[in-house]
Each structure stands twice: as C-alpha cells, then as structure tokens.
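Protein chains: 2
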Amino acid sequence: MTETTFTVEILPDRIKVRARAGEVLADVLVRAGIPLSLYCHQRGICGKCAVRVLGGPLPFPAELEASLLESRGLGPDHRLACLYEVRSDIVVETLAGSRLEKIAVLDTGVPSAAFIDSAVKKLPLVLEKPSLYSPTAVADSLRAYLKSPGLVLPLAALSKLGGTILTPGRPVTAVLYDDREILDIESEDAGREIFGLAVDLGTSTVAAELVDLRTGKVVDRAAAVNAQNSYGADVVSRITFAFENPDNLRRLKNAAVQLINDLVGTMSRRSGVPRHRIYDAVVAGNTAMNHILCGVAVDSLALAPFHAVFSTLPALPASEIGFTLHPQARVYVAPNIKSFVGGDITAGLVATEFAAKSGTEIFIDLGTNGEIVLKKGREFVTTSTAAGPAFEGMNISCGMLAVAGAIHRAEWANGFKFRTVDDLPPEGVCGTGLVDILAAALARGILGRDGRIAGPEKRIRLTDRLALTQQDVRDVQLAVAAVRSGVRLMLREFRLAAADLDRVLVAGAFGSSLDIGNAVALGLLPDVPESKIAFVGNASLAGARLLLLSRPNRRAAESLAAKISHISLATRPDFQDAFVHALEFNRYPGGEK
Amino acid sequence: MTETTFTVEILPDRIKVRARAGEVLADVLVRAGIPLSLYCHQRGICGKCAVRVLGGPLPFPAELEASLLESRGLGPDHRLACLYEVRSDIVVETLAGSRLEKIAVLDTGVPSAAFIDSAVKKLPLVLEKPSLYSPTAVADSLRAYLKSPGLVLPLAALSKLGGTILTPGRPVTAVLYDDREILDIESEDAGREIFGLAVDLGTSTVAAELVDLRTGKVVDRAAAVNAQNSYGADVVSRITFAFENPDNLRRLKNAAVQLINDLVGTMSRRSGVPRHRIYDAVVAGNTAMNHILCGVAVDSLALAPFHAVFSTLPALPASEIGFTLHPQARVYVAPNIKSFVGGDITAGLVATEFAAKSGTEIFIDLGTNGEIVLKKGREFVTTSTAAGPAFEGMNISCGMLAVAGAIHRAEWANGFKFRTVDDLPPEGVCGTGLVDILAAALARGILGRDGRIAGPEKRIRLTDRLALTQQDVRDVQLAVAAVRSGVRLMLREFRLAAADLDRVLVAGAFGSSLDIGNAVALGLLPDVPESKIAFVGNASLAGARLLLLSRPNRRAAESLAAKISHISLATRPDFQDAFVHALEFNRYPGGEK
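Here the protein sequences come in this chain order: A and V.
Here the first sequence stands for residues 152 to 744, where the numbers follow the working numbering.
Here the second sequence stands for residues 152 to 744, where the numbers follow the working numbering.
One chain only, chain A, in its complex shape (with noise of 0.2 Å):
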C-alpha cells in the first residue's frame, strides 16, 4: 500500500520536498531545514510561523488565526505553518519575520551557531474565548488555551488573573518562562518587548549587557570595579573573609547585589528601558563569587578539599537574589564545573563553542586564579591554579592595575620603549608590561633563564624612577610557572605534547592585550605557533549573553559542565617536579634557545 504524498515547493528557497497527505506544514518546512519560528511550540497562538501560500488551497482560518495574521499586517494568501496541513502539491513563501534570528556574538569575533531561543517569552491571550468563561478556573482555562497542563502560576499571576486585567475584550499578554510558568500577567500596554541582563561578575570587574531578547541585540552595557573590593582583593581573601562570620557573607553579597543593580540603573537611565522590563538574567562567576551571590555559606571552598557546594542551580527568583528587575524575573547562574572552576569557565566554553568543534584544544583563562580547560576528542579534563595576582601588578614594587599611566607595552630598541595607558608618563607596570619587559631583558641577557637577573645591582632599570627587583621577577617567575605547569600535567593527563594542540584559546582582559611571542618565550603560553593562539576577550561575559538568548545552550553549558573531570594539582606527585621545572623561563626570544 503506497502512502499518498505530495509536492511542498518552499521560496525563496526553490526547495523541494514530499509531505504526507494530513502533514502539518511546520514540520515539513523544518524537516526541510528552514530555521521556522515555533515560539508557541506549534499552538497556534503567537503568529510567528505564518508563511504565504501561493500554489495550493486556502481552507478558511479560523477567528484566532485569522486576527494573528491581520496583527502582523499580512494579506489574506497568508496561513500558520503550523495549523496548515497538506492536503495537495503546494508552493508556499516563508518570510524574513518567521525565521529564526541567529544570535550574533559581538566584539570577541566568535560567531554563534546558535538560535534565538530565550527562556522568556511573551504570548498574547485572546480572552474574548467563551472557554474563559465556563465554572472551569481561569487558571485551567489558562492551561487548556496555551496547551500546557503542567503550566506553573505563581500567585502574583494567579491575582492579575482573578483582577480587573481580564476584562473581556481587553487585550492582555502572558508572560511564559520555559514554556512551563507563568511570571506575568500583563495589560497590552505594557508592550511586547523583552530585555534581559547578562552579567559577568569577576572578582576584579562586574560588566554587564541589557539585552532585548527577542532580537538578540546588547542594548547598552556598563562595567565598574567590583565593590567587594574592599573585602579583599582576592578570591581567597573574600572567601576568608566570608567564612569568619555570616554576616561578612551577607555584607559581600550585599555589595555585588548592590553594584549589579547600580548598573542595572545606569544601563535603564540610558537606554529607556525600565528596570520591569528585564525578565531574565545571567550571571557567570567564578565558584565564590556565584556563591556569595546567591547567599551561599563558601566553608567549603575555605579548607581543602575545596568543594563548591552547588554546580548547577534551577533558575531563581531574582527576588530572592535581591536584584531589582521585574518583580517575577529569574536569574540562571552559570554552572559550575568542579572545585574552583566556576561559571565564568563555562559561559567562556560556552562563547567559545568549545565543545562543539573537534581538535585537540585547550582554554586558557589568565587572572589571579588561572583555570585551564583541555579537550582531547570528547573528553575534557579542567584544573585551577593560583597564579596569585602579579599579572594584576599586584605584590610588586613598581606594579599597578592596567589602568591610566601603567606601562602595558614594552619593548628594547636601544634602551625600553614604553607605551601606556592613555598615553601618560609612566607611573608603573601592569601585568602586559610585566612580560614584555621580561621578555626583553630575556632577549638582552639581562635576564636568565633562570630568572637571575645580571650585574651587581640585582634590578632591572625601567625609568629613573622605576625599577623591577629581583623579588618582583620571581614573582612572576612563581605566576608564570603556576599556569605552565598547570597546562603541562593537563597535557600529561591525555599523553599528548605541545604541539599535539591544534588551537589555544585566552580568555580574560589580561589575555587580551598580551603580546603572544613574549607569552610564549616566558612560557606563560603553551610553544606553539602563534596562529594558533586567539584572545577571546571577555568570554565569560559573551557567554552569559549566550545563555542568556538559547535554553540550548544552557543544557548543553549544564551537560558539559557535569562531564568536565578535574585535577587537583596539589594531590599529584609529579607536581612539584612539574613546579620546579616550570620556573624556568621557556626559552630566549627571538629563537636562540
């Protein structure tokens, strides 16, 4: 027995493919590969997925869809791909606006294969439907019109829908979270727009991104110093801060919320968007500053063996954080890997799409902890070092954060050349500078590979006014190796060499700007082509924007997350061989080994 099928021609793409008789013409465009919008999950409420019909029957629509397709302005040829079954050989035009927007990642130059896809949505409800106004609850009435028995009301939602909001007649708009919640209830007045808020909360810089989620486009973004700063510098001083009594862990919290919601305002103030229109957030951080985010007592992260408490967290009421949004929104936290591998490092696997390619790779990420990330086919192994914070010009004599005056470049050309920040006299070295002085003086001889600095005065002469000690070289002589040896037992781990790498990604601001030829030479960056070396930036932010915009990506950030395995480097015995050897410098510049 021969199925019948027919012919669905598809523009302006000039497919062709076969459909059964009854099929719904939704699921032929997208076994057909077009990136269909399915926002309502083929319910025939939203609109989204309507394609023009050119060649084939016009069966009448019914009242729902025929007032979807007058609000898009869309003529009468016009049908929902989903409500539309195939009953004859047809030809049917998709449109721009019934597509899928893929999500662009700006600044880091990584493109994303990913769709559209966030967690809220905003879906009109057509409360004329006499179903409304059976003894059947409004909230049933509810779950039966958008398909979803399971379907969650808070009961701020369950209030506007036993208030004057459900005036017959009055247009009002559902607000879905995950298609399984309902956050809101609103009037048509309250628009359709979307926003959302995607945060990277680092332990030196907060930096954020007001994002409209039904485009994908960064609305506005705003940075600042971490406030928690004044706690400590570090994230081993917060934690032990936070660990000697509970109300320093509420105190720290209190400044991150704080700052977030600061920039929050300041992002609202200058695009006009109002803080109740941001639905969604992101935060990627590392393993302490998400837990002290979300009020969670870090004495386990305090004393060995170092455990998170969490890695993956349901979403949250932002409420319950304390950030001022819309009052239902949620806030996802980028999950954790293992130990201190935090969120960051996933947003950044993320941003990355570290997982997705194949090859050999290994995601560097440089701050005062250093973690790495290696991939070997589909096994990934991570690890965290203390560098400590010399790339942040801290703890030496002459060092500075990389800002206004801080020497960020160097190089020799008959004595130092200096370039720094904002082009100022120079007031002090900053962690890029650090290396490229290194690195020259490693070229010149003034300096060994053993780190002895030559001559009797046992410093490094920058200006008349600044000078690296021989204490300050060891210092970086110890961050160097902390990461180097770092990535030499990750690679130890799979049995692979150097140049077993087929690419080497650096996240982080101080990647960014760092001169990859000195990195190499110092041995702070694995010996491989520089080709094969890119700065991702700010992956970490980058990646929460990600998550921000695709549910995908999320369950693949959760799945990825959980299968990461880690290495304590402490508990290796080749560690401190590993250590040892790491500290001396990789090799003279310019070749001569």
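Don't take each hint at face value.
Unchecked claim - From the derived model, a few chain V residues whose C-beta atoms are all more than 12 Å from chain A:
#1 A183
#2 P186
#3 G195
#4 D268
#5 A308
#6 T366
#7 A373
#8 N405
#9 P425
#10 E471
#11 D573
#12 R625
What the hints assert, rightly or not - In silico DSS-like pairs for lysine-lysine, Cα to Cα no more than 25 Å straight-line:
#13 V/K298 with A/K714
#14 V/K527 with V/K714
#15 A/K298 with V/K714
#16 V/K368 with V/K253
The hints are simulated quantities; they were obtained by calculation from the structure and are not laboratory data.
Owing to the predicted nature of the structure, the values given are computational and were not obtained by experimental measurement.
Note that CB positions come from ideal geometry on N, CA and C, so glycine has one too.
Given chain A's structure and the hints, the job is docking chain V onto it.
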C-alpha cells in the same frame, strides 16, 4: 527453564510466600500485603524497614546499615528489608515499628483506610561518607547519597550545606519535602520530630490542629471566630469588600493570616512544640476564603459567571502566605472543585472517603452557603446554593448564633420546652432551635405547610419575651427551599429520587446538632429513613488533617475535584419551579401528610 524460588515465612502473620532468587525482601513483604514502612523509598538510608531474620543467612551488614540498626537498638539478627536479597528459604519477623501506621480520624467517627505518608520526612545524613569530600559539589554528593538526581535545593539549604554544619562526624538531618526538595539541613539537636498544621478556614470560624506527622496524633486544637467578620459577616459581603479596592483584599488576607498565626502561637505555647518545628500545613476553605488567604483577587467571584481563579495550587512556601512556621515550611491548599464549591468540600469528601465507597450518596454541607455533592457510581455532580444566614440565626428577629443562652433544641409538651446552650435562660434562637420550633409548630397546626402562621396574631410565641414573626418563618422557608431545590435538581440530573439514596452525609457545625426527623419534616434534608442520614461534623478539618498526613490523599483529592461536574442552579430553566415547589414544607411531622 524453571526459575529458582525460595520460601519466605513471615511472622507474626504466619504468611508463606515464594520469592525469586535475589529478590529484595522488602518487595516480597509488600507483595505479601505487609504494610512495610518504605520511608526512604528503599534507598537504605532511613532504617525504618528493619526486620528480624530468624532462619536464614545473615550477610555482613554495610557500615551505614549497621549504624541504622544500632540507632534503633536492634540486635545482630536484624537487617533492612530493602537491602536484603533472598538467597535461600528464610523466616523473618516484622517489627511493629517497621509497619506503616493507619491514620486515626478522631471525633468524626469516620475511620480512614489511609496510611501515614506525610510530605515532610527527616532522613539522617551520614556525612563521614568520603563521597562528600570529592571535588564533586556538596549538593551533587547529597543527590547521589539520597539517590535523587533531580533533588531541589533552595538557597537556604545550600547555605547550610556550605556552612560549618557539615563538620565531619557531626550528625545532621535532611528535611525532605515530597521526596524531591530539601527544606532544611538540621543539626542532630534539632530532633527528629515533624509537626504539621491542619486548618479549616471557615467563613465564620477558623479551626486548627497541630498534628504529629510521624504518628498522626493531634497534639492540640484551637479555634476562633474568623477575624474577617469585621469586614463582612458572609462570603458575598467579603468578596464585595475585596472587590472594591486591592487594599481591602490585603486587609482580609492579613486578618486571616494573623488569626491562624495566633492559633499556632496558642497551640505552640500549650504543647511546647516550637513554631519552627511545623514544616507543613494544609488549609481547607471555601473558594473565596482560600483565594483571599493567597492574596488572589476575587473579582471573578464577584461577577457572573462566578468562576474561581484556581482549582489546584502547587504547595506554596508558608512564608509567601505569611504563616510563621519553619522558614521553609510549605502550605497545601485543598483543591477547589468549581465556582463556590471549594477546598473545604473537597476536604470533607476526603474525610468521608466519599469517592472510595460504592453506592449512591449525597454530601450536604449546611451553612450560609449550602454545598451539595451527589455521587452515582463513578459520576459526581455538585452545586452551591445561597441558603442565606437564617441557619446561623441571622436576620431572624430573635435569632442568634449558637452561643450561651441560645435555644438550640425545642419540643412541644404542653407548650414549648427548650434547651439552651450552657443551660442559661433563653436569650434567642439559633439555627437548630429554629428547625425544632418550626417542626413542632407544623405538627401542632400552629403553622401550615405553606408556612402561614395560624391565628390572628401571626406570631409563634416562645417565651414572654421571644416570638417568631411571619417574616422569620419566611426567611427559614427560603433557606430550606434553597437547599431542598438544589438537592432535587441534583437528583434530577442523574434521574434519581430521594429513595434511591444509600446514604446522606451532613457536614458543618450546624448539621451536627440538628434533629434529623425535624429537618426531614421541613424538607431541609432528603426524605429518607433516619438510619441513612449521618452527621459527619467538621469534615473539612478532618479532611485537612488527612491531606496533611497522606500524600496519596492529596493526589486523590485533586483528581476527584477535577472530575466533579458543576451545575449552576440559576442557569437551569427548571430552577424557579423547583424553588417555588420547595417553599412548601415537606410534611407534617409524625407521619400525617
């Protein structure tokens, strides 16, 4: 191929059953009909299914099993049935403490077939387990330990997991809700006791019970007049008040919340059970009452067609309602059926096991609103009638509530003889007194079946000071007719006559002191033999307790509430006729028609 099987002899029941080789003993016992406690769902971590192995092998117990047996004071011949695999013929003795306990339904005289299976459980956590000290997040280790991958952990519980409470060797307890969420992590000194709160949120009176969720015992009871009375005496006036202004809704909500908190305070003081050891609550109230308690606007109940906003709610945080119990306690609201037939009726049906029994039965809750549920086989229909406040003595010239001095019973013996509440001199007449007086007047010919008072005075003299007017009689007639016409139309819906009823269940405080013969004579109750009529008292409170103690009862209540269809009397064309017909009293008491 024949499978190897063994004989398991179960003492003290002297039951012998066959078991497959390797079968888990707990499964064998449950199959044999033993109500074995499987508190932790056979995860081997609660120790409650311990049995004594009299004849048969005793494999060496694992460390955790041994410690659980020891903590129950059980000897070396005991094992956990959920961990024991049958490998030979064995004789086992079940222990009283390893069997489920049946729920005792006190006061109402209605026994329950349900076993205790409360939503909240406490499980000991053995934190010395090395799995908690891998780099796996503590929360994930806990999920693995509890064999519950989807376990939800609120931030408060996560924070305790991350805090010093986890000092190794210090025993702690996990407080579990519905086997899927951790409410709290407690130190051992918090004890193993689990308490719950059952509330009957009546329009006039609020009654509460403090219940031990491990034994089902009622620890204490308290009741008070509903503090919302100051905003309106009946449901309709409160809905109108709430409808006027959202602040009024808040006022009504707060009055109820405060009152229930006060009742908890009273019971807590008297019993010595701290508020924060109350982890779960069930509230049974009519539709308007539970909407108001949840702060859900009741506009849709104020206007035709009078639909509820919600039927079933998920368990809510008690803190969201405003109850001061354990900070993470939950509240389950008994599901509404339809329109004005609310969770109090559902609870009443649970308490009377209405759905479980066969036969044709009617459940009547007598109050300002009369709610009626009729069952025929597996079909259910319900309605509500506005009886008005006559049965509560309101709007009657000499009427009063059933408080001290109220005539609550009356008979004719050479003139009216009265019994009053607290045997005080009569000050007025309450609902049951009215029924008796009118029935006696009817029997004596003082009153006609049409309700007309004989004689020129048009008054029924009771005492020197008290008398009923023709208008009073008319008000009672209207109240009776509302209930009676409702019952009649319900029976008509299923093509039944009163004689077809196997049982009439009468709920409500008013019902419990009513004279059956007189109520039947007036037509308030269906005309069936007295033996078929049962007063079930405050079935709503008993039902709330059953919903508190048994999760299967909650699921059964939800599915029952969803399948009861609803008749809106006002929309039926035959209602007016039935109502007018019902205004005539049923018959002359004593048999003369």
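Status of each hint after checking the structure:
1. No beta-carbon of chain A is positioned within 12 Å of the beta-carbon of V/A183; the least distance is around 36 Å.
2. Distance check for V/P186 against chain A: the nearest CB is about 32 Å away, which clears 12 Å, and the non-interface claim stands.
3. Separation of V/G195 from chain A is adequate, the least Cβ-Cβ distance of about 24 Å exceeding the 12 Å criterion.
4. Distance check on V/D268: its Cβ is at least 23 Å (rounded) from any Cβ of chain A, clearing the 12 Å threshold; non-interface status holds.
5. With a least beta-carbon separation of about 9 Å from chain A, V/A308 fails to lie farther than 12 Å from that chain, contradicting its non-interface assignment.
6. At roughly 33 Å from the closest C-beta of chain A, the C-beta of V/T366 stays outside 12 Å, upholding its exclusion from the interface.
7. Its beta-carbon lying about 26 Å from the closest one in chain A, V/A373 satisfies the requirement of being farther than 12 Å from that chain.
8. Every CB of chain A lies more than 12 Å from the CB of V/N405, the least distance being 15 Å, so the non-interface label holds.
9. Distance to chain A confirms V/P425 as a non-interface residue, since its nearest Cβ pair spans about 21 Å, more than 12 Å.
10. At roughly 7 Å, the least C-beta separation between V/E471 and chain A is not larger than 12 Å, which violates its mark as non-interface.
11. The beta carbon of V/D573 sits about 42 Å from the closest Cβ of chain A, which is more than 12 Å, so the claim that it is off the interface holds.
12. For V/R625, the non-interface assignment is confirmed: its Cβ lies about 30 Å from the closest Cβ of chain A, beyond the 12 Å cut-off.
13. Note on V/K298 and A/K714: the hinted pairing holds, with a Cα-Cα distance of about 19 Å set against a maximum of 25 Å.
14. This hinted pair checks out: V/K527 and V/K714 have alpha carbons roughly 13 Å apart, not beyond 25 Å.
15. Of the supplied pair hints, the one linking A/K298 and V/K714 holds, its CA atoms being roughly 19 Å apart against a limit of 25 Å.
16. Using a Cα cut-off of 25 Å, the hinted pair V/K368 and V/K253 holds, with the two alpha carbons roughly 11 Å apart.
When held up to the earlier numbered hints, the structure conflicts with 5, 10 and fits the remainder.
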